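These protein sequences, in sequence, are chains A and B. Residue numbers for the first sequence follow my numbering, so the first one is 33 and each next one is one higher. Residue numbers for the second sequence follow my numbering, so the first one is 36 and each next one is one higher.
No lab work stands behind these hints, which were simulated from the structure alone. Keep in mind that this is a model prediction, so the values were computed, not measured. Check before you lean on any hint, since a few could be wrong.
[Unchecked claim] DSSO-like mimics (lysine-lysine), calculated; alpha carbons at most 27 angstroms apart, straight line:
hint: 1; chain 1: A; residue 1: 265; chain 2: B; residue 2: 120
hint: 2; chain 1: A; residue 1: 400; chain 2: A; residue 2: 75
hint: 3; chain 1: A; residue 1: 265; chain 2: A; residue 2: 238
hint: 4; chain 1: A; residue 1: 244; chain 2: A; residue 2: 265
hint: 5; chain 1: B; residue 1: 120; chain 2: A; residue 2: 238
hint: 6; chain 1: A; residue 1: 400; chain 2: A; residue 2: 318
hint: 7; chain 1: B; residue 1: 120; chain 2: A; residue 2: 244
hint: 8; chain 1: A; residue 1: 220; chain 2: A; residue 2: 75
hint: 9; chain 1: A; residue 1: 220; chain 2: A; residue 2: 265
The lines below spell out each chain.
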Amino acid sequence: MLDAPLALIAEITHRCPLHCLYCSNPLQMVSPASELTTQEWEKVFEQGAKIGVLHVHLSGGEPLAREDLTRLVSFAHGCDLYTNLITSGIGLSERRWDEVVAAGLDHIQLSFQDSREAGANWIAGARAHALKLGIAPMIRRSGVAFTVNIVVHRQNVDHVEEMIALAESLQPDRLEIAHVQYYGWAWKNIEGLLPSRTQVFESMEKIGAAQKRLLGTIRIDAVVPDYYARFPKACMGGWGRRQLLIDPCGKVLPCHAATVIPGLQFENVRGHSLEWIWRESESFQKFRGEDWMPEPCRSCDRRTGDFGGCRCQAFMITGDAASTDPVCSLAPAHGLIEQQLSRVNSIASPHKPATEQEEFWVYRSQPK
Amino acid sequence: MPLENTSRPRLAAGCRWAGEGENRMVVFPEGALRLQDTARAVLERCDGHRTFEQIVQELEATYSASDPVKIRQDAVAFLERLRQKRLVDF
Numbered sequence: 033m034l035d036a037p038l039a040l041i042a043e044i045t046h047r048c049p050l051h052c053l054y055c056s057n058p059l060q061m062v063s064p065a066s067e068l069t070t071q072e073w074e075k076v077f078e079q080g081a082k083i084g085v086l087h088v089h090l091s092g093g094e095p096l097a098r099e100d101l102t103r104l105v106s107f108a109h110g111c112d113l114y115t116n117l118i119t120s121g122i123g124l125s126e127r128r129w130d131e132v133v134a135a136g137l138d139h140i141q142l143s144f145q146d147s148r149e150a151g152a153n154w155i156a157g158a159r160a161h162a163l164k165l166g167i168a169p170m171i172r173r174s175g176v177a178f179t180v181n182i183v184v185h186r187q188n189v190d191h192v193e194e195m196i197a198l199a200e201s202l203q204p205d206r207l208e209i210a211h212v213q214y215y216g217w218a219w220k221n222i223e224g225l226l227p228s229r230t231q232v233f234e235s236m237e238k239i240g241a242a243q244k245r246l247l248g249t250i251r252i253d254a255v256v257p258d259y260y261a262r263f264p265k266a267c268m269g270g271w272g273r274r275q276l277l278i279d280p281c282g283k284v285l286p287c288h289a290a291t292v293i294p295g296l297q298f299e300n301v302r303g304h305s306l307e308w309i310w311r312e313s314e315s316f317q318k319f320r321g322e323d324w325m326p327e328p329c330r331s332c333d334r335r336t337g338d339f340g341g342c343r344c345q346a347f348m349i350t351g352d353a354a355s356t357d358p359v360c361s362l363a364p365a366h367g368l369i370e371q372q373l374s375r376v377n378s379i380a381s382p383h384k385p386a387t388e389q390e391e392f393w394v395y396r397s398q399p400k
Numbered sequence: 036m037p038l039e040n041t042s043r044p045r046l047a048a049g050c051r052w053a054g055e056g057e058n059r060m061v062v063f064p065e066g067a068l069r070l071q072d073t074a075r076a077v078l079e080r081c082d083g084h085r086t087f088e089q090i091v092q093e094l095e096a097t098y099s100a101s102d103p104v105k106i107r108q109d110a111v112a113f114l115e116r117l118r119q120k121r122l123v124d125f
């Protein structure tokens, strides 16, 4: 029997005041004019709750760019959905925060780009770091569950101890140290973002020590990035198995990056019910279950745990979305990952000085 | 701080009950927990009002066929584990 989707990621807008070099949004962004209306989002939440969704993750772009955010939180809360706001914090005034909290927000995830202001602003392409520091105390005071998220990569992962200290000063319930995943804009910038092996494993050691020290106070979540792991991540908990993502214009996707896979048609909530899209649509069935799997996945004991890894990554690197995720050490195409890593690990200094090679980087643009 | 008899355990910020009957679960930022009998019986009593001592007494009354020492040990281990995951505070 097909399970219900547990989590619905609502990318309510692609507008964002930041231009992060690793943004996971697609390169082709949805224009503000095509965004779903308030009523359309409400209908989506209602349908989601009916088919078993528990969590709504309000994301973007920057969800605060939508003026109706409070109303969307309130509506989702009214459907007994767990509401999570994933935000840069830019645009969160005290008054607005009070309104969102009163509307029933369950959790907020506030992102930081670095522990150091200059580096953070450089990555974000905006003077955002000080603003974020300014609103964190307001969030903490409200009592709403609070996660600090810091995205790490070759340019900043060496500051991981500073990042943990920063998080401690902000007193969140949880700190997520997330390695960049190479989709969207991050894929364009992979040569400058992929960390060295030494960086990854040294930082994991420091994180491990902090996890022990802060046990019971701040929970620190961090995993070895998939390029350096032996086996792939269980991307989205399996294709069309646990989660779905709705883009700003209502297109329903099995994951953030799915539109990179050619030949798949993704249905829109404007044309179909969420239940039909989840259960019946071709795109959700395409890589659901095990029938699509090639060897070595098909006979692998791990197939029920990692589901063959990420379909988008498989396509981006091998050209075939139905191949084993090449980050898997058992994948026929794993050599491509090894080549990439040996290139990265042969760079004498892991840092590519930002100032020297500005043209090297591609900043996330704005939807038009 | 270790769990004491006078502690008043409660769901941590961002964790709450959702759903009805068999589908009743604790939801938290990254997921949800569906709990089996005793675990659910413990957590449902973690309302920030009852002390740990009261919770254990209620469990002993409900599960009178079980060894009270084991009930207490299991409850301590369970709540410590949930606290480390930041699902419970006390």
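Hints versus structure:
1. 265/A <-> 120/B: The given pair, whose Cα atoms are some 21 angstroms apart, holds under the 27 angstroms limit.
2. 400/A <-> 75/A: It holds: about 26 angstroms lies between the C-alpha atoms, which stays within 27 angstroms.
3. 265/A <-> 238/A: holds, 22 angstroms
4. 244/A <-> 265/A: Measuring from Cα to Cα gives roughly 24 angstroms; hence the hint holds.
5. 120/B <-> 238/A: With Cα atoms ~19 angstroms apart, residue 120/B and residue 238/A stay inside 27 angstroms; holds.
6. 400/A <-> 318/A: violated, 31 angstroms
7. 120/B <-> 244/A: Roughly 12 angstroms between the alpha carbons, so the hint for residue 120/B and residue 244/A holds.
8. 220/A <-> 75/A: Measuring from Cα to Cα gives roughly 35 angstroms; hence the hint is violated.
9. 220/A <-> 265/A: Satisfied, since the Cα-Cα distance of roughly 21 angstroms is no more than 27 angstroms.
Going through the hint list in order, the structure does not satisfy hints 6 and 8.
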